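In terms of the working numbering, the sequence shown opens at residue 1 and continues consecutively.
Just so you know, the hints here were simulated from the structure itself, not pulled from any lab data. Since the structure is predicted, the reported quantities are computational estimates derived from the model, not experimental observations. A hint or two may mislead.
[Stated by the list, open to error] Label pairs and their in silico Cβ distance ranges: (1) P120 <-> I84: 32 to 38 Å; (2) D40 <-> R97: 17 to 23 Å; (3) G123 <-> E91: 38 to 44 Å; (4) A74 <-> D5: 17 to 23 Å.
[Unchecked claim] With a straight-line cut-off of 25 Å between C-alpha atoms, the simulated BS3-like cross-links for lysine-lysine are: (5) K73 <-> K14; (6) K35 <-> K83; (7) K75 <-> K50; (8) K25 <-> K75; (9) K25 <-> K50; (10) K35 <-> K14; (11) K88 <-> K35; (12) K88 <-> K14; (13) K35 <-> K50; (14) K88 <-> K50; (15) K83 <-> K50.
Backbone N, C-alpha and C fix where the C-beta goes; we use that ideal spot for every residue, glycine too.
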Amino acid sequence: MDILDLNEYFNDAKGHGVLATANSKGIVDAAIYAKPHIIDDDTIAFIMPKRLTHHNLQSNPHAAYLFLEEGEKAKGIRLFLTKIREEKDSELLYSLRRKKYGDDETPRYLVFFNVDRILPLIGAGEDKEKDGGKASID
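Full structure from sequences and hints, please.
In C-alpha cells:
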C-alpha cells in the first residue's frame, strides 16, 4: 500500500486509531486519534491539542499510528511516521476539522508527518527478511 492508497483506505475503513509517541527519554504514550488527513503523496496530518502527544513530538519526531478496523478479525494497518512540521490554529487546520468544538478556545495544532513505512496490523507484510520471515529492523 502506498500513500495514495491510504486516501482510499481511510475513506472506506471504519474503526479506531491509536497514535503512539515517546519523549526524548523514550517514555512511551499512546492516545486515541481519528483517521489522519491525507495531505499529499508523502504526507499525512493529525489535529491535536497541546497535551502529552504534542509535547512528546517536540523532542522526538517519531511516532506510530495503528488503525484497527471494525469487525471480528484483527484487521488494519500500522503507519510509521516522522514529524516534519506543525501549524498552530491555522486556516488549513480549521478547514480540515471534522469535529466542531463550540466555544472551546483550546489551541490546536495541525501536525504533519512523513509516512516512512506502512505495514499490515499483524505481520511484516512485504517487508520481510529472508531468514525466517521476521520483520526487518532498520
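Right, here's what the structure says about each hint:
Between P120 and I84, the C-beta spacing of about 25 Å breaks the proposed range 32 to 38 Å. A hinted range of 17 to 23 Å for the beta carbons of D40 and R97 is consistent with their spacing of about 19 Å. Our hint of 38 to 44 Å for G123 and E91 holds, since their Cβ atoms are close to 40 Å apart. A beta carbon spacing of about 20 Å between A74 and D5 agrees with the range 17 to 23 Å that was offered as a hint.
Annotation: proposed proximity of K73 to K14 holds, straight-line Cα distance about 13 Å (limit 25 Å). Straight-line distance between C-alpha atoms of K35 and K83 comes to about 16 Å, which keeps the hinted pair within the 25 Å bound. This hinted pair does not check out: K75 and K50 have alpha carbons roughly 31 Å apart, beyond 25 Å. Restraint check for K25 and K75: not satisfied, since their Cα atoms lie roughly 32 Å apart, outside the 25 Å limit.
Straight-line distance between C-alpha atoms of K25 and K50 comes to about 19 Å, which keeps the hinted pair within the 25 Å bound. A threshold of 25 Å between alpha carbons decides the hint, and for K35 with K14 the separation of about 9 Å falls inside it, so the pair holds. Our distance criterion of 25 Å between C-alpha atoms is met by K88 and K35, whose separation comes to about 19 Å. This hinted pair does not check out: K88 and K14 have alpha carbons roughly 28 Å apart, beyond 25 Å.
In summary, the hint linking K35 to K50 is supported, as the alpha carbons are separated by about 19 Å, within the 25 Å threshold. Taking the CA atoms of K88 and K50, the gap is near 10 Å; set against the 25 Å cutoff, the hint holds. The straight-line distance between the Cα atoms of K83 and K50 is roughly 15 Å, inside the 25 Å bound, and the hint therefore holds.
Comparing the model with each earlier hint shows violations of hints 1, 7, 8 and 12; every other hint is respected.
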